[in-house]
Structures are given as structure tokens and as C-alpha cells.
Amino acid sequence: MKSKLMILCLSLLLTACAPKEKQEIFVKKIDHFMLTCKKPKELYDMLVYTFDLPVSWQYRSMGNFTSGGIEFGNCVLEAIDFKIEEDIEGILGMAFEPAMKVSDIQDRLREKGFKETNLYSNQYWKNLICNELSTGGTVFFCEYQIPVNRPEKEPGGNLGIRYVEKVKIAYSDYTKTLDLWRKLLVPHKEIKEGFWEIEASPNIEIIKGDYDKFISFEVKVKSLEKARSFLSEKDLIGKDTGSSVYTDPQKTYGVLFEFTE
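Counted from 1, the sequence shown has number 323 at position 213 by our numbering; the numbering is strictly sequential.
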């Protein structure tokens, strides 16, 4: 009897001490957001010249589209023109930096119940589109095929920007979408329902809404008073709650920014 008890205790001890299987990670961080409007070049100019933010790449033709990238602390904002007639304004897409090859991520996501993913590639990048999360804007992984150079200039500019704290996204079928996001973002920490912390990256918050769409950015600044004063001077302020200041999206090309300290 004692022998059996000792074997059982030893077995439990070995199980407890055994190294745990490392959980796979798909999303390393958010790499960039795609922004669009009727006048994407003017949006780009506002971010570069009015906000005085560092450029990731100059506004130029990319073949099927035209775009320019702007550093926003912990991610890039890409003002993009797909040369279509639709009146779309605001956040058009969100690109993840993958933690493994996107072809492998596609296989893993299928195993987890993602029914609709598409892989597109060219000489510059491979993109994996997560269609079931993309109704209100494209959610995808971007695997670069060429070296990506980022400017050494620190962000900040006239608003004193530090980084993007979070992006907020609304879905009409919140329950189904919450389950998919949980499968996509493991093992990043869901600190409360629908809110994930991602190291060195904007966090992600999903909420229930009437329509599927990207809502807004929350941006941390060095001084809220300085940001408020600058936005007021440029006549760009929308709502001001005291603890945060919002831009007027009609004056910032359909993009809603929330600035907090």
C-alpha cells in the first residue's frame, strides 16, 4: 500500500514539474492600420505636416493602389487610396505582424474553426485575410518579403503622441466574433471580456454594435492639455470629456482619434 502511495505521489510530482507545452502564438503585434477617405493624400498631409509625425514611407503609387505610411508610436498608420468610387471613410483595415509563416497560420486557424481565410502574395508581402473578422474592414496578417526600414525619429509631433493605446471594433454578432478573436489572439491576455493586451502594440477592444466596423483609436499623449490646445487652435476638436479629447471626424477625414494622457 505504501509502495503504491509513493508511486502515486512521485507521478503527481513529475507531472507538476514537467515543462508545460508552449502555446502557439499567431499574432506578434499590430503592424499597421489602413485609413481611407475621399482625399487620402490630404489625410496623409495632415498626419505628416499638421501633426508633424515621422514618415515610414512617402505617399506613392504601389501599382493597384497609392499609399503613404506614418509612424504613430507603436504602429504605422497607412493613408491609402484603392482608386474606387465608394465613399468609405475611416479605418479600412488592421494588419498583424505574424509570429510564424502566414501559410502555417492559415492551417492552424482552419483547425481552430476559421472557415474563410484567403492568402494573397506578391514580391513585397504575403497577406492572410481573416474574412470572418473582416466584415467592417479587413483584418489580416502581413508577412513582408523585403526588409522594412522604420525611421529613427521619435514620434510625438505637435500633439506629443506616445503610442496608440487601443483600437475599438464593433460587431453585430458579438458572441460568435468574441469566440473567433479568442482563438486568434491566444495566448495574449484578455484582461476583461473582449479586451486584449498585446505587448508593444495597440490593444484590441471589441464591443457589440448595430454594424460591423472599426470605431476609433485611443492615443496616449504626453500632455492632454497640450494636445487639447493644439487641436483647438487647428479647429479639429470634436467631443471633450475632460479626461479625453476626440477629434471631429468630419475634419480629420473620417478618422476618429481619442487622445488621453
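Watch out, some of these pointers could steer you wrong.
[What the hints assert, rightly or not] Here are the simulated SDA-like cross-link-like pairs (lysine to any residue), alpha carbons at most 20 Å apart as the crow flies:
id : residue 1 : residue 2
1  : 330       : 347
2  : 148       : 323
3  : 222       : 148
4  : 151       : 172
5  : 361       : 156
6  : 276       : 349
7  : 138       : 239
8  : 139       : 326
9  : 222       : 254
Hint data in this document are derived by calculation from the structure and do not stem from the laboratory.
Consistency of the hints with the structure:
Between residue 330 and residue 347 the CA atoms are separated by roughly 16 Å; this keeps the pair inside 20 Å, and the hint holds. Restraint check for residue 148 and residue 323: satisfied, since their Cα atoms lie roughly 18 Å apart, inside the 20 Å limit. Our distance criterion of 20 Å between C-alpha atoms is broken by residue 222 and residue 148, whose separation comes to about 38 Å. Distance check on the hinted pair: residue 151 and residue 172 sit about 14 Å apart at the alpha-carbon level, within 20 Å; holds.
Between residue 361 and residue 156 the CA atoms are separated by roughly 10 Å; this keeps the pair inside 20 Å, and the hint holds. Taking the CA atoms of residue 276 and residue 349, the gap is about 18 Å. The hint holds against a cut of 20 Å. Pair hint residue 138 plus residue 239 holds up; C-alpha atoms about 16 Å apart against a cutoff of 20 Å. Proposed proximity of residue 139 and residue 326 is supported: the alpha carbons are some 18 Å apart, at most 20 Å.
The straight-line distance between the Cα atoms of residue 222 and residue 254 is roughly 25 Å, outside the 20 Å bound, and the hint therefore fails.
When the structure is compared with the earlier hints, violations turn up for hints 3, 9 and for no others.
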